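Chemist: If you want the building blocks of each chain, they are given just below.
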Amino acid sequence: MLSLLKKSGDKSSALQPAWHPNFRDVEHLPDTKAVRTAFFINGLAVLAAVTLTIYFVYTEYSLGALRTNIAQWEETIAANKSASDAAIANFKKFQAEEAKFKAVETILKPRLVFSDLVFYMGNTLPPDIRLGSLDYRSSGVNLTATVRGIPEVASGMVTTYLEQLRNDPVLKGMFGEVELLNMSRNTSAELISIEVMLRYPVPVKPKGKK
Amino acid sequence: MSPVIKNLIYLAKKHPVGLGCGLLSLILLVLIYLRSDKIAEAESRLTAVTATGQRLKTNISYSIQLTTQLESLTNAISKIQERSVRADDLAQNLQYYYKLETDAGVTLTDLRQGGPVNLPRGRTDPPATFLKVPYNVGVQGTFENVMIFLRKLENGERFSNITSASLRPSGSQNATLSLSVELLGQP
Numbered sequence: 001m002l003s004l005l006k007k008s009g010d011k012s013s014a015l016q017p018a019w020h021p022n023f024r025d026v027e028h029l030p031d032t033k034a035v036r037t038a039f040f041i042n043g044l045a046v047l048a049a050v051t052l053t054i055y056f057v058y059t060e061y062s063l064g065a066l067r068t069n070i071a072q073w074e075e076t077i078a079a080n081k082s083a084s085d086a087a088i089a090n091f092k093k094f095q096a097e098e099a100k101f102k103a104v105e106t107i108l109k110p111r112l113v114f115s116d117l118v119f120y121m122g123n124t125l126p127p128d129i130r131l132g133s134l135d136y137r138s139s140g141v142n143l144t145a146t147v148r149g150i151p152e153v154a155s156g157m158v159t160t161y162l163e164q165l166r167n168d169p170v171l172k173g174m175f176g177e178v179e180l181l182n183m184s185r186n187t188s189a190e191l192i193s194i195e196v197m198l199r200y201p202v203p204v205k206p207k208g209k210k
Numbered sequence: 001m002s003p004v005i006k007n008l009i010y011l012a013k014k015h016p017v018g019l020g021c022g023l024l025s026l027i028l029l030v031l032i033y034l035r036s037d038k039i040a041e042a043e044s045r046l047t048a049v050t051a052t053g054q055r056l057k058t059n060i061s062y063s064i065q066l067t068t069q070l071e072s073l074t075n076a077i078s079k080i081q082e083r084s085v086r087a088d089d090l091a092q093n094l095q096y097y098y099k100l101e102t103d104a105g106v107t108l109t110d111l112r113q114g115g116p117v118n119l120p121r122g123r124t125d126p127p128a129t130f131l132k133v134p135y136n137v138g139v140q141g142t143f144e145n146v147m148i149f150l151r152k153l154e155n156g157e158r159f160s161n162i163t164s165a166s167l168r169p170s171g172s173q174n175a176t177l178s179l180s181v182e183l184l185g186q187p
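So the sequences go chain by chain: L and V. If you're matching positions, the first sequence starts at 1 in my numbering and goes up one per residue. If you're matching positions, the second sequence starts at 1 in my numbering and goes up one per residue.
Think of the hints as simulated: they come from the structure by calculation, not from any bench. Fair warning: this is a prediction, and the values are worked out from it, not measured in the lab. There may be inaccurate statements among the hints.
From the structure, some residues in chain L lie toward chain V, with a derived Cβ separation under 8 Å [as the list claims (entries may be wrong)]: (1) Leu52; (2) Asn90; (3) Lys92; (4) Ala103; (5) Val104; (6) Phe114; (7) Leu180; (8) Asn182.
Idealized CB from N, CA, C, for every residue including glycine.
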């Protein structure tokens, strides 16, 4: 309440300039703060030094570990070099020999064994059909045969034989198509001559760019 | 003494810990800067030597059976070479067919050797070890004997590949066989 009773005229005295000079040497006066500035400066400097020391030691330790690892690997490399070089040399020789082997495979890769085909065709031939000739070509196998019997019956036999060839599990695996090329009748001898083509399947070309 | 040095000495006396730590920090910073590349260098070196070391280890582990396999393959190739013909040895090559003729009891009606055929190869490929030596062969005899000849040719001493064949009757009991054969040859 006293402050309220004071006259407003008291403020004028505070605004008046100092009437005596300030002789205080601030720099040489002791720091009277609760925690001195030097403490913060020293603390920060110590913290920075400790942090940098830890970082430096850690970096050097990591570098040392890396160098140890490198030395170990270099020892391993030195120990394995000769064995590895020998392995590479052997592998090159192996590749050269393999190429020779593949060349042999390419040269000796028949599409079929002709003697096997002759025996197979003979063994699967119906009793009234007689094999005339067998021609093995790059496109397939051409066979001629004669069928004994009156034409009505013999032509039926031809159809049955063609179906037999088409459905034969062995021939089906080798040939893509069985086609009757020619059929002629010999009335005097009661024979029908046929010519059949067993074609290799046409290889499907992979779709390429136009 | 200049006022700057005086000030420094004064500062050092006033803040010895701070100044010492500052100097240490400065030295450490310089060292860290100077050695900053070493870690990256060592890491890249370690990556390189690790890769090389692993590669060498893999080479060795994969090649455990390589020597044995190479030996087997080399033996197989040398055996194949022993059983292949030389295109130049015409007399010896034809003798092979004459022997088959005698063994099978057939008559050779045609026997001609063609020029050797090389397999297609690239510019950098080594010279071919094997090639094809083509023959035109005509045989006549009983069906059984012709088939014996054919079997002996297919499974005989020389490696053969029949590229075309024609079998047809000849007379009442005989058969005629015309063949285009390729024997495995060496240059």
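Chemist: All the hints need checking, so say for each whether the structure fits it.
Modeler: Cross-check of the supplied hints:
1. Annotation: Leu52 of chain L was flagged as interfacial toward chain V, and the flag holds, the nearest CB pair being 4 Å apart, inside 8 Å.
2. At a threshold of 8 Å, the smallest CB-CB gap from Asn90 of chain L to chain V is about 5 Å, leaving the interface hint in force.
3. Residue-level restraint check for Lys92 of chain L is violated (minimum Cβ-Cβ distance to chain V is 10 Å; threshold 8 Å).
4. For Ala103 of chain L, the interface hint holds, the least distance from its beta-carbon to any beta-carbon of chain V being 5 Å, beneath 8 Å.
5. For the restraint placing Val104 of chain L at the interface with chain V, the shortest Cβ-Cβ distance is roughly 6 Å, inside the 8 Å limit, so the hint holds.
6. Given hint, Phe114 of chain L at the interface with chain V, holds; its Cβ is 5 Å from that chain's nearest Cβ, closer than 8 Å.
7. Look at Leu180 of chain L: its Cβ only gets to about 19 Å from chain V, farther than 8 Å, so that hint breaks.
8. Below 8 Å, beta-carbon pairs count as interface contacts, and Asn182 of chain L has none with chain V, the closest being about 16 Å; its hint is therefore violated.
In summary, the numbered hints that this structure violates are 3, 7 and 8.
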